[in-house]
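The primary structure of each chain is shown beneath.
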Amino acid sequence: MASVRVQKDDFDPGAEAEALARGRTDVGAVVSFVGYCRDEGGSLAALELEHYPGMAEDEIVRAAREAEARWPLIGATVIHRYGRIAPGGRIVLVAVAANHRAPAFAAAEMLMDYLKTRAPFWKRVIGQDGAVQGWIESKQEDDRSAARWSATAD
Amino acid sequence: MASVRVQKDDFDPGAEAEALARGRTDVGAVVSFVGYCRDEGGSLAALELEHYPGMAEDEIVRAAREAEARWPLIGATVIHRYGRIAPGGRIVLVAVAANHRAPAFAAAEMLMDYLKTRAPFWKRVIGQDGAVQGWIESKQEDDRSAARWSATAD
Amino acid sequence: MKALYFAWVRERVGRAEEELDPPPSVTTVGDLLGWLSERGESYARAFDKPAGVRVALDRVHARSDAAIAGAKEVAFFPPMTGG
Amino acid sequence: MKALYFAWVRERVGRAEEELDPPPSVTTVGDLLGWLSERGESYARAFDKPAGVRVALDRVHARSDAAIAGAKEVAFFPPMTGG
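Residue numbers (my numbering), protein chains in the order written: chain E, -10 to 143; chain U, -10 to 143; chain Z, 2 to 84; chain H, 2 to 84.
Note that these hints are calculated values from the structure, not bench results. There may be inaccurate statements among the hints.
Unchecked claim - Think about it this way: if two alpha-carbon atoms lie no more than 30 Å apart in a straight line, the pair counts; the simulated DSS-like pairs of lysine-lysine are:
1) Z/Lys50 to U/Lys128
2) H/Lys73 to H/Lys50
3) Z/Lys73 to Z/Lys50
4) Z/Lys73 to Z/Lys3
5) Z/Lys73 to U/Lys(-3)
6) E/Lys128 to H/Lys50
7) E/Lys(-3) to H/Lys73
8) E/Lys(-3) to E/Lys128
9) Z/Lys3 to U/Lys(-3)
10) E/Lys(-3) to H/Lys3
11) U/Lys128 to U/Lys(-3)
Keep in mind the model is a prediction, meaning the values are calculated, not measured.
Extracted from the complex, chain E is given alone in its bound form:
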């Protein structure tokens, strides 16, 4: 049921979120998350995102199925970009529609935690001189955040 896209192109977050509710009267809540490329300290020309084609989509679909099994969702859209993304550019969208706000918030947070820790994407830093400055390291904080969803009995 979830719509999952892995693409180079930018997306329209508002249109994606609204599409989940349009023409329906059972949707009470749409939560959407947009992740942007941040420039930490003015030295970043771009982030370059590498991904594992095929597995990236599969892994996001698995995460979405887990969310759907866990909460009563009406719809979900996940878009993750790859390639070069300049500061201020959009990287990822998670949008979730549900009857009520609690499942919509929880599912959106779970999907983001899973995207961070399980979807096969890797970011590296391109400096303003055009030089590749190495791969961004994964954060333990993200692992802890993702562990919330397996630690809970619910």
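Model the placement of chains U, Z and H on the given structure of chain E, informed by the hints.
Positioned in the frame of chain E, the structure of chains U, Z and H alone reads:
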């Protein structure tokens, strides 16, 4: 810092959320919530929202200040409509921008919980025959959800 | 002080606002609710379950034990159902 | 089996993909990592801290003790940093 609007007119959730990130390179995350008028069982012509002008704005501003004191937010927009809203129509928007996703999610959830339990709005049901069918009752579940934010030591 | 009534409190009282001039013995929000409930049948209907009615003093939520001294605007309404 | 390398694993190995034909004694993901680390300097650099390298079998995350029998595609990559 937060932008708070109480209005009769509809709003554009995508434009509001994007405005928080546009032209900036420090925003890493924008979480937005849109609440819609649901039709529970096909008998609803509209919800009619009454509010307390002046206090509604004040109370939302107070909630936004609490969120800003609690988490490092870059921006926040809250819009709450009043008047008649048909099934499928938008009622409320909360959009929060932050460096990272955790504070953006937490602040958006807190703001929604506070809007539900502390902002002076009251909904009543207008049936398909045009008859007023009485006031919607508040939910204990909403009070419990809002209590999360005072129970936490953080 | 100016009193405002909202939602079913407004409907039961039969008006949206009025001037109130409570006696000096009425010092708290709780006192005010008790005094209002004795002003006649429509007020009794609105205020007979005082726990069900919320009160704001000058546009800030106030508890039953809050002092009303100095308040210019007092509002009475059911638990909120916005969002 | 077809091997794919991503991010700094790809850079250290010096290629994005290749065919692997491990000996029958290599039965688990952990065995495979050990075997690869002994294929020369570039592989040693990529696989010397095996805990740092994640593995997927046929596009599903696999732990060190997972059996590789039957897998057509195995991928090696650092911890993920998407989202």
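Holds or violated: are the alpha carbons of E/Lys(-3) and H/Lys3 at most 30 Å from each other? 25 Å, holds
E/Lys(-3) and H/Lys73 were given as a pair; does the straight-line alpha-carbon distance stay at or below 30 Å? 27 Å, holds
Is it true that the CA of Z/Lys73 sits at most 30 Å from the CA of Z/Lys3? With a Cα-Cα distance of about 6 Å, the restraint between Z/Lys73 and Z/Lys3 holds, given a limit of 30 Å.
Within a Cα-Cα threshold of 30 Å, do Z/Lys3 and U/Lys(-3) meet the stated pairing? With a Cα-Cα distance of about 25 Å, the restraint between Z/Lys3 and U/Lys(-3) holds, given a limit of 30 Å.
Checking one constraint from the list: CA of E/Lys128 to CA of H/Lys50, max 30 Å. Satisfied? 18 Å, holds
Decide if the proposed pair is consistent with the structure: Z/Lys50 and U/Lys128, CA atoms, cutoff 30 Å inclusive. Answer holds: Z/Lys50 to U/Lys128 is near 18 Å, not above 30 Å.
Decide if the proposed pair is consistent with the structure: H/Lys73 and H/Lys50, CA atoms, cutoff 30 Å inclusive. 24 Å, holds
Would the pair U/Lys128 and U/Lys(-3) pass a check requiring their Cα atoms to be no farther apart than 30 Å? 24 Å, holds
Mind checking the alpha carbons of Z/Lys73 and Z/Lys50 for me, to see if they're no more than 30 Å apart? 24 Å, holds
Quickly compare the C-alpha distance for E/Lys(-3) and E/Lys128 to 30 Å and report which way the hint goes. 24 Å, holds
Sort out whether U/Lys(-3) lies within 30 Å of Z/Lys73, counting only the CA atoms. Roughly 27 Å between the alpha carbons, so the hint for Z/Lys73 and U/Lys(-3) holds.
Against the hints set out earlier in the document, no violation occurs for any number.
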